[in-house]
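My request is simple: use the sequences and hints to build the entire structure.
Sequence lines, in order, name chains A and B. The opening position of the first sequence corresponds to residue 1 in UniProt numbering, with each subsequent residue numbered one higher. The opening position of the second sequence corresponds to residue 1 in UniProt numbering, with each subsequent residue numbered one higher.
I should point out that these hints are in silico values taken from the structure, not numbers from a laboratory. Keep in mind the model is a prediction, meaning the values are calculated, not measured. Please note that a few of the clues may not be correct.
As the list claims (entries may be wrong) - In silico DSS-like links for lysine-lysine, alpha-carbon gap of 30 Å or less:
(1) B:K214 / B:K381
(2) B:K346 / B:K191
(3) A:K194 / B:K214
(4) A:K434 / B:K214
(5) B:K214 / B:K228
(6) A:K434 / A:K194
(7) B:K228 / B:K381
(8) B:K191 / A:K194
Unchecked claim - Short, incomplete list of chain A residues facing chain B, as computed with Cβ under 7 Å:
(9) L205
(10) V235
(11) I249
(12) A250
(13) L252
(14) F254
Every residue gets a Cβ at the ideal spot worked out from N, C-alpha and C, and that includes glycine.
Chain by chain, the residues run as shown.
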Amino acid sequence: MAGIVTEPWSSAENGNASMTAKGSSRELRHGRTAHNMSSSSLRKKSDLRVIQKVPYKGLKDFLTNLQEVILGTKLAILFPAIPAAIICTYCGVSQPWIFGLSMLGLTPLAERVSFLTEQLAFYTGPTLGGLLNATCGNATELIIAILALTNNKVAVVKYSLLGSILSNLLLVLGTSLFCGGIANLRREQRFDRKQADVNFFLLLLGLLCHLLPLLYTYVATEDTPAAVISDMSLVLSRSSSIIMLISYIAYLVFQLWTHRQLFDAQDQEDEYDDDVEEETAVISFWSGFVWLVGMTLVIALLSEYVVATIETASETWNLSVSFISIILLPIVGNAAEHAGAIIFAFKNKLDISLGVALGSATQIGLFVVPLTIIVSWIIGINMDLNFNLLETGSLALSIIITAFTLQDGTSHYMKGLVLLLCYFIIAICFFVDKLPQKQPNGLNMGLQQMNNVVTATGGGVFSS
Amino acid sequence: MGSIVEPWAITENGNATAKGSSRELRHGRTAHNMSSSSLRKKSDLRLIQKVPCKTLKNILSNFQEVILGTKLTLLFLAIPLAILANSYHYGRPLIFGLSLIGLTPLAERVSFLTEQLAFYTGPTVGGLLNATCGNATELIIAILALANNKVAVVKYSLLGSILSNLLLVLGTSLFCGGIANIRREQRFDRKQADVNFFLLLMGLLCHLLPLLLKYAATGEVSTSLINKMSLNLSRTSSIVMLIAYIAYLIFQLWTHRQLFEAQEDDDDAYDDEVTVEETPVIGFWSGFAWLVGMTLVIALLSEYVVATIEEASDSWGLSVGFISIILLPIVGNAAEHAGAIIFAFKNKLDISLGVALGSATQISLFVVPLSVIVAWIMGIKMDLNFNILETSSLALAIIITAFTLQDGTSHYMKGLVLLLCYVIIAACFFVDQIPQKQPNGTIVGLQPKNNPGSGFFSA
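Here you go:
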């Protein structure tokens, strides 16, 4: 293991995020984006005094490393959920427990992965760091999606990805704008709308790609066999996914290279009460890399539990699978970003909150979703972009409402409240929705209500 | 027939100086005219001066101006080839392809002739002429298809024109302009764009309501009643849309002219010579005669296109929907398209926007309702229900474009997103193999393997 930097961590939770004019050039060097800066708000100052007393140097380094990575976050108390979930699986404890513990365990892991990505970015330079962040920023959602695919649970994939986008657009953004508006009641809150606009174009492109396969099902008459429709839908979805990936690559080129200046966080120098120090990595490259791989494996493990136990949990807790996938899973996966976005909104740094929320939504909408389609194409599973009427309708309206809300470049608490309430309404809609979904392999997911509901709607609601 | 024989000193940019704008006022030039002028060629009249006979000289110079005065001249050869192919009964797809190619320079020449006539008729009538004849190709194809009772082709080609203008022309212009001007900030005046979007949204409403009427009906209502309701609503909406278009013309050509004049700076670099006096290059009556003649040729080629579209679609393996929505408008719009890109390269976004959005508005609020009214007169049942896939594509195209243009700046990412949206919609119609049923009962389009005759298209 290469040498570890053992100077005391003097950049406090805000120090990393000092966006002074000098600092912004440092950020440019280290490829920090709004995403990184937001997560840094959950870091904790590491108290290295206890470790200094350990005689052995190697042991000391190792313990320092451990402390930075494991204990360096306020969410560290959730870490015990991970071994608890593993133990529960081996002891055969009831599945809902495993589900709940796995979800709790995923929360700090997502935050730590973001921290490690940021640390690695110190070593790899701004562009690569930005790329790394762009791909790993939503590692949890990506892993859950791919695992659910391999278990042929296409509905869970679609719902969880859709729920992520909705959560970022309405929940994260809504609470940030609301809390920020309340905290800064007397001040005018402004942000640069150009950055938000680019995200909205791309989200609208993604919406178009979801809408057209959905409309194929309505275009068909009674005579057209379902196989023709799903075939057309599949071909269109796969081509659209390639186009969505092309546009995401163009977005990365735009964001990290040609129009970088639009995306640099704009801040004034006098906002920071904590000390500003030189940014350095606190763990070395290889240790960071090893931790990243390790954490990704643990995320994969917990996600496996989540995907395997979701039906049982839904029956025990009397919630539909769609509700759990659309509402609960994304809240867990996004918790760290969520907290960060709220903190920055409190400080009236709306550009960062927006960058986090909209950037995540764009990433999932235009990178994770098409990537999942392509992966399913390779695996041989029939997943298309048809997310069904209710979900696509919610997505369309949330994009339109958010775009409209953010179009004038200012904010107040009412905007945040409206977005938040929209999210609650959509959540209630899926909570109340007890229609079972039919999987492509013929199994019936979800609550089994009256049989006539199943026969009346089961054929038409979900075909893929 | 007098024709002015002075050399054409006006180049493609010279017409657009600030002094030129007052001249533009006099001659009713709009962004549309200026964009097409980028495809003109300087006429070299020296050869003709040597011809002894004066009348012959006049005729030849006239001929040169009109036929050879464009970079698209090469495509003129397709016209006689298409006529030959039709007389000798060559393969129908070949006739279709040749007619399509032949239509391209004709559309551009008609726009040129309209502009020349505008010199004589004054700004208002000139603007009106441009507003009506600017999309002559689409109008003629629509009316001919109606006469052949191919309502699906009409609807698809008009819809495709709007989509092509909104997404393809605009997208490529913004993309190329953004790449070429990557270090500069590109701005445009959004007021002009906004007016177009109001009208497009109104057109969208007129399309949406007959469509929703079909879904609002429950099981007991008979299909014929729904069709009748839809037809009445469509015809009434068409009259309203035409009223809106007339108001738009008044707004654009008379009361709020200043919003629509292209904004250029005097000191902008024009590498070609600055204008001398703008003069028409052909006489009024010769221009008029050429216009009538070209319109007749357009009508002839459009007749071929409409007659051979089904065979072409069968032999090329593409659905009629795809050919009408994607291929036909690309051909009809080719000249405007090239012009818009050229102006975007020069960072003159107002002109590119004026061309693209103006065309879209013209088709949506003039050609479409006019087709419905002509169908009414002919006794053909055409309504404004363009079916859910097409109407949704239209809705999303309008919303995406309106959202993209609402802040008054541009960069290449905007153009790329619009372009990719067009590619996705094209892919959607390419993949769509569901056959269309014409109102007279014949089946149009590809037949899926085990389904001889089903249709979702009822007019």
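Cross-check of the supplied hints:
1. B:K214 / B:K381: holds (16 Å)
2. B:K346 / B:K191: Roughly 21 Å between the alpha carbons, so the hint for K346 (chain B) and K191 (chain B) holds.
3. A:K194 / B:K214: Between K194 (chain A) and K214 (chain B) the Cα gap is close to 40 Å, so the pair fails against 30 Å, i.e. violated.
4. A:K434 / B:K214: holds (28 Å)
5. B:K214 / B:K228: holds (11 Å)
6. A:K434 / A:K194: Violated, at about 41 Å.
7. B:K228 / B:K381: Answer holds: K228 (chain B) to K381 (chain B) is near 9 Å, not above 30 Å.
8. B:K191 / A:K194: holds (19 Å)
9. L205: holds (5 Å)
10. V235: Hint holds; V235 (chain A) Cβ to chain B Cβ min 5 Å, cut 7 Å.
11. I249: violated (11 Å)
12. A250: holds (5 Å)
13. L252: Since the shortest Cβ distance to chain B is 11 Å, the answer is violated.
14. F254: holds (5 Å)
Going through the hint list in order, the structure does not satisfy hints 3, 6, 11 and 13.
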